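This is what each chain is made of:
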Amino acid sequence: MTDSPLLRVSNLSKYYGARLGCTDVNFELYPGEVLAVVGESGSGKTTLLNCLSTNLEPTSGRAEYRMRDDVWRNIYDLSEAERRFLMRTDWGFVHQNPADGLRMTVSAGANVGERLMAIGDRHYGNIRASAVDWLGRVEINEDRVDDQPRSFSGGMRQRLQIARNLVTSPRLVFMDEPTGGLDVSVQARLLDLLRGLVGELGLAAVIVTHDLAVARLLSHRMMVMKDGRVIESGLTDRVLDDPREPYTQLLVSSILQV
Amino acid sequence: MTPLRVQSLAKTFTMHLRDGVVLPVVDNVDFEVAAGECVVLGGPSGAGKSSILKMVYGNYGVDAGHIWLTHDGADIDLATADPRLVLTLRRDTIAYVSQFLRTVPRVSALDVVAEPLVIRGADKAEAQDRARTLLAQLNLPERLWSLPPATFSGGEQQRVNIARGFITDHKVLLLDEPTASLDATNRAVVVSMIAEKKAAGTALLGIFHDEDVRTQVADRIVDVTAFAPRIAA
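Those sequence lines, one after another, are chains X and G. Quick note on my numbering: the first sequence kicks off at 1 and runs consecutively. Quick note on my numbering: the second sequence kicks off at 1 and runs consecutively.
If you are wondering where the hints come from, they were derived from the structure by calculation, not from laboratory data. You may find that some hints are simply not true.
Here are some chain X residues pointing at chain G (derived, C-beta under 10 Å) [unchecked claim]:
hint	residue
1	Thr89
2	Asp90
3	Arg189
4	Gly196
5	Leu217
6	Arg244
Since we're looking at a predicted model, the values are computed, not measured. Here a beta-carbon is modelled for each residue, glycine too, at the ideal position from N, C-alpha and C.
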């Protein structure tokens, strides 16, 4: 972890008309740091993620990002083209439903290769080799490289989506319930894979999840949201083992033990 | 410099799900652990021994007081450190053998043990070699090394946990009942491993219910009942 943050979020708020999405969110994210945002449905965590990834324009507040040339930019001041470039290169977004993050009718290899072409790679052999390498890293067999993700299982699609996002060596990845909707055994494999990749690549990540076990396994820090506000935040194991706020205590005590 | 100094530590739990009932745990906790010393927290169950250990590791927050650690030649107060600093302190300075192993799906026992070295930037093969040595020393059958510990017995998991805690040369090592589910042979191994850590200048702070082990490892016993909070009238 270096000493300069990658992302600085200050007083971020989003209202849908009069209705509150999220408000007064403040945090810094450092390279190599994984931040989990937890809370129940409607707590504003997905709104926050969509604002951070510029899918939504916040009502007020700033989110400053340290670009690769170390220049700080407010991401909401970027031009549309600059944002798109950032999303395709330095950032990744892993959707809960892989179909939202993949192109279902092109091959697995092309899904991964497309991001490389977006950053100017034109050599077919290199692109294919990278694609095969990344499919291997997410445990998809090389003989599936020419198949369309339509023919993949849910867990495989999710792993493909992760490969597609990580191939350009992004520095920051947003994940929206990355293990939601998967069988537990498939979830375990994905979690282990994510944990390994995040550590190996030194990625910074913001992970939205309602699953506290996922948060414990993957994140360093945690923010608990309720009714659009961050009500508690801190070191993940401390928030989970010594929760202070009534709502966090309720959340932690509601986990089913196996 | 003393590796660990705990000053005026206080902790209270507020149970919001039980109508906000306030449970004072400890107050005015004061003690030090010198390099090469093993200090044992003594007192009956419920006196707050585990809570103190968890505060010293940063796992529990504190309401008041300081936890001074010598880190990189400076005194750092873990009680007020931000999450990133706590993680740095755990990586480099303070290690913890918890009572129960928290297993991660699909990660082998060998990698669980090697991990603290790997995250400090050690070569993976060397870290695994060191892990093998420790697991062999603790008599964990070799056929288990490549398996994830989730299905291991309590004693097997505990040995994986001990190996993981002992693999680095952290200056402060916290031990929460590391011998609770071990047989006599392996208890003796752990006692000798603790002696090696002391000889290497590690400051150890532990909880041991087994009296036999406690008398063998403890240089000093800190009676936790002395830190019982005075209930306000």
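### Earlier hints that do not hold, by number
1, 2
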